[in-house]
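Novice: Go ahead and model the full structure; you've got the sequences and the hints to work with.
Residue numbers (my numbering), protein chains in the order written: chain A, 1 to 245; chain B, 1001 to 1087.
Do not take every clue at face value.
[Said to hold, decoys possible] Result set (SDA-like, lysine to any residue): computed pairs, CA atoms no more than 20 Å apart in a straight line:
1. B:Lys-1062 - A:Ile-79
2. B:Lys-1012 - A:Asn-210
3. B:Lys-1006 - A:Asp-69
4. B:Lys-1012 - A:Cys-213
5. A:Lys-218 - A:Phe-228
6. B:Lys-1062 - A:Arg-71
7. B:Lys-1012 - A:Thr-61
8. B:Lys-1062 - B:Tyr-1051
9. B:Lys-1062 - A:Leu-128
10. B:Lys-1062 - B:Leu-1074
11. B:Lys-1009 - A:Met-67
12. B:Lys-1058 - A:Val-72
13. A:Lys-65 - B:Lys-1009
14. A:Lys-166 - B:Val-1005
15. B:Lys-1012 - A:Ala-207
16. A:Lys-220 - A:Leu-20
17. A:Lys-65 - B:Lys-1012
18. B:Lys-1012 - A:Arg-64
19. A:Lys-65 - B:Leu-1010
20. B:Lys-1062 - A:Ile-163
21. B:Lys-1058 - A:Asp-69
22. A:Lys-65 - B:Tyr-1051
23. B:Lys-1062 - A:Arg-66
24. A:Lys-65 - B:Val-1003
25. A:Lys-65 - B:Val-1013
26. A:Lys-65 - B:Lys-1006
27. A:Lys-65 - B:Ser-1055
28. B:Lys-1006 - A:Met-67
29. B:Lys-1006 - A:Arg-66
30. B:Lys-1006 - A:Thr-61
31. A:Lys-166 - A:Pro-155
32. B:Lys-1009 - A:His-41
33. B:Lys-1058 - B:Asp-1002
34. B:Lys-1009 - A:Arg-66
35. B:Lys-1009 - A:Phe-206
36. B:Lys-1009 - A:Asp-69
37. B:Lys-1006 - A:Lys-220
Since the hints were made in silico from the structure, they are not lab data. Every value quoted in this text rests on a predicted model; they were computed, and no experiment measured them.
One-letter residues, chain by chain:
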Amino acid sequence: MEDLIIILIGFTAGLVGSMLGVGGGFLIVPLLCLLLYLPMHVAVGLSLSSIVATSIFSTITYSRKRMIDLRVGLTLEIITLMGAICGSHIALLLSDRVLKVIFGIALSYASIRMIFPSKGREGKRVSLPVALMISFMAGMASGMLGIGGGTIKVPLMVLLFNIPVKTAIATSAFMVGLTASTAAITYQLNGLVDPMYVVRIIIGIFAGVNVGCRLALKAKPMILRRAFGVILLTLALRMLLEGIM
Amino acid sequence: MDVQVKYSKLLKVLSYITLLMAVVGIGLNNRNMAWIGVITLNITPIAGIVYLTLSLVKTDRKTFYLALTILLLLVANILVNVLFSKI
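Specialist: Shown next, in the form of structure tokens:
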């Protein structure tokens, strides 16, 4: 039964992620914690391993179409990697409850942004030091909470380097794989990742992404985004409560 | 052939190995196969960076140095984890 639940969690993450263009980390971590009662560190390690898989699947397509801006991606990735290394090591020092509270706060913010999206960013500019700081924080969040961080990286690249959104999305997918695999290695080498769980999630994600890509053409993204935002907000509150109580 | 196209092919081959090991690992309920799949999965982005570093050395020096820095960071992270991990 547990095996089936894990495959279903991967499937859901892959399905929703591919339909909305978001990573599955924000969904995988709370579902593993709340449905299977896995410790937060184990859930984060599993989520990071599965994010590597989703990132590789999308990078294959983007790279074949030469959509990745290697210089921009590698420049920002140096700082993001440092953040991911720091984040994953800090997470190992934190207790399960503290990590749940931090995750709950981050997920609440992300879900509110999904329900009430911000207005366009035309005309806004970001300076290089600010961008590097944001990159570091994105990497740290990725290493600590098991998320990809693409939602932070894409607008940052568009604002800082003035590159097309499609190129930014492709470059972000390329970066997320490197960031997540670096952080995942830390969790794996500390004995927090069960390989049987990882392979089940990967199979689920692979199936979910394939179905999601077909459904995405028929779905209305705005309604889906808001509905998903409400579900995420519920999960965020549950995580917060578990961390505080 | 373009660097990115070759990079894509490398990732594709390694992801097929990961998927194959995942299916075999689940089918046979074999932890070792599953571990091979997980390790291949983690090696994939690192192998990609190694390939980029090697192929950019003559064509694009600036990007080569960026790729090399990332490669060194990845290796340093693995070494730190191996030396100080709890297991």
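Novice: Does each hint fit the structure? Answer for all of them.
Specialist: Against the structure, the hints come out as follows:
Between Lys-1062 of chain B and Ile-79 of chain A the CA atoms are separated by roughly 16 Å; this keeps the pair inside 20 Å, and the hint holds. Between Lys-1012 of chain B and Asn-210 of chain A the CA atoms are separated by roughly 16 Å; this keeps the pair inside 20 Å, and the hint holds. Between the alpha carbons of Lys-1006 of chain B and Asp-69 of chain A the distance comes to roughly 15 Å, so the proposed pair stays at or under 20 Å and holds. Restraint check for Lys-1012 of chain B and Cys-213 of chain A: satisfied, since their Cα atoms lie roughly 19 Å apart, inside the 20 Å limit.
Simply put, Lys-218 of chain A and Phe-228 of chain A have alpha-carbon atoms about 17 Å apart, close enough for the 20 Å limit, and the pair holds. Proposed proximity of Lys-1062 of chain B and Arg-71 of chain A is supported: the alpha carbons are some 8 Å apart, at most 20 Å. Between Lys-1012 of chain B and Thr-61 of chain A the alpha-carbon distance is near 9 Å, which keeps this suggested pair within the 20 Å criterion. Only pairs whose Cα atoms come within 20 Å are accepted, and Lys-1062 of chain B paired with Tyr-1051 of chain B is accepted, the gap being roughly 16 Å.
Of the supplied pair hints, the one linking Lys-1062 of chain B and Leu-128 of chain A holds, its CA atoms being roughly 18 Å apart against a limit of 20 Å. Proximity of Lys-1062 of chain B to Leu-1074 of chain B is assessed by CA-CA distance (about 19 Å); at most 20 Å being required, the pair is judged to hold. Distance hint between Lys-1009 of chain B and Met-67 of chain A is fulfilled; the C-alpha atoms sit about 15 Å from each other, no more than 20 Å. Between the alpha carbons of Lys-1058 of chain B and Val-72 of chain A the distance comes to roughly 19 Å, so the proposed pair stays at or under 20 Å and holds.
Between Lys-65 of chain A and Lys-1009 of chain B, the direct Cα distance comes to roughly 12 Å. Compliance with the 20 Å bound is thereby established for this hinted pair. The suggested pairing of Lys-166 of chain A with Val-1005 of chain B holds, with an alpha-carbon distance near 17 Å, which does not exceed 20 Å. A hinted pair counts as satisfied when its Cα atoms are at most 20 Å apart, and Lys-1012 of chain B with Ala-207 of chain A qualifies at roughly 17 Å. Taking the CA atoms of Lys-220 of chain A and Leu-20 of chain A, the gap is about 10 Å. The hint holds against a cut of 20 Å.
With a C-alpha separation of about 14 Å, the suggested pairing of Lys-65 of chain A with Lys-1012 of chain B holds against the 20 Å cut-off. Straight-line distance between C-alpha atoms of Lys-1012 of chain B and Arg-64 of chain A comes to about 10 Å, which keeps the hinted pair within the 20 Å bound. Taking the CA atoms of Lys-65 of chain A and Leu-1010 of chain B, the gap is near 14 Å; set against the 20 Å cutoff, the hint holds. Simply put, Lys-1062 of chain B and Ile-163 of chain A have alpha-carbon atoms about 19 Å apart, close enough for the 20 Å limit, and the pair holds.
Using a Cα cut-off of 20 Å, the hinted pair Lys-1058 of chain B and Asp-69 of chain A holds, with the two alpha carbons roughly 18 Å apart. For the given pair, Lys-65 of chain A sits about 18 Å from Tyr-1051 of chain B by alpha-carbon distance, which is consistent with the 20 Å threshold. Proximity of Lys-1062 of chain B to Arg-66 of chain A is assessed by CA-CA distance (about 19 Å); at most 20 Å being required, the pair is judged to hold. Taken as a hint, the Lys-65 of chain A and Val-1003 of chain B pair is honoured in the structure, with Cα atoms around 11 Å apart against an allowance of 20 Å.
Proposed proximity of Lys-65 of chain A and Val-1013 of chain B is supported: the alpha carbons are some 17 Å apart, at most 20 Å. In summary, the hint linking Lys-65 of chain A to Lys-1006 of chain B is supported, as the alpha carbons are separated by about 11 Å, within the 20 Å threshold. Proposed proximity of Lys-65 of chain A and Ser-1055 of chain B is supported: the alpha carbons are some 18 Å apart, at most 20 Å. The straight-line distance between the Cα atoms of Lys-1006 of chain B and Met-67 of chain A is roughly 13 Å, inside the 20 Å bound, and the hint therefore holds.
Of the supplied pair hints, the one linking Lys-1006 of chain B and Arg-66 of chain A holds, its CA atoms being roughly 10 Å apart against a limit of 20 Å. Between the alpha carbons of Lys-1006 of chain B and Thr-61 of chain A the distance comes to roughly 12 Å, so the proposed pair stays at or under 20 Å and holds. For the hint pairing Lys-166 of chain A with Pro-155 of chain A, the CA-to-CA distance comes to about 11 Å; that is within 20 Å, so the pair holds. A hinted pair counts as satisfied when its Cα atoms are at most 20 Å apart, and Lys-1009 of chain B with His-41 of chain A does not qualify at roughly 33 Å.
Of the pairs offered as hints, the one joining Lys-1058 of chain B and Asp-1002 of chain B holds, with about 14 Å between alpha carbons and a cut-off of 20 Å not exceeded. Straight-line distance between C-alpha atoms of Lys-1009 of chain B and Arg-66 of chain A comes to about 12 Å, which keeps the hinted pair within the 20 Å bound. Between Lys-1009 of chain B and Phe-206 of chain A, the direct Cα distance comes to roughly 18 Å. Compliance with the 20 Å bound is thereby established for this hinted pair. Between Lys-1009 of chain B and Asp-69 of chain A, the direct Cα distance comes to roughly 17 Å. Compliance with the 20 Å bound is thereby established for this hinted pair.
At most 20 Å may separate the alpha-carbon atoms for a hinted pair to count; Lys-1006 of chain B and Lys-220 of chain A exceed this at roughly 36 Å.
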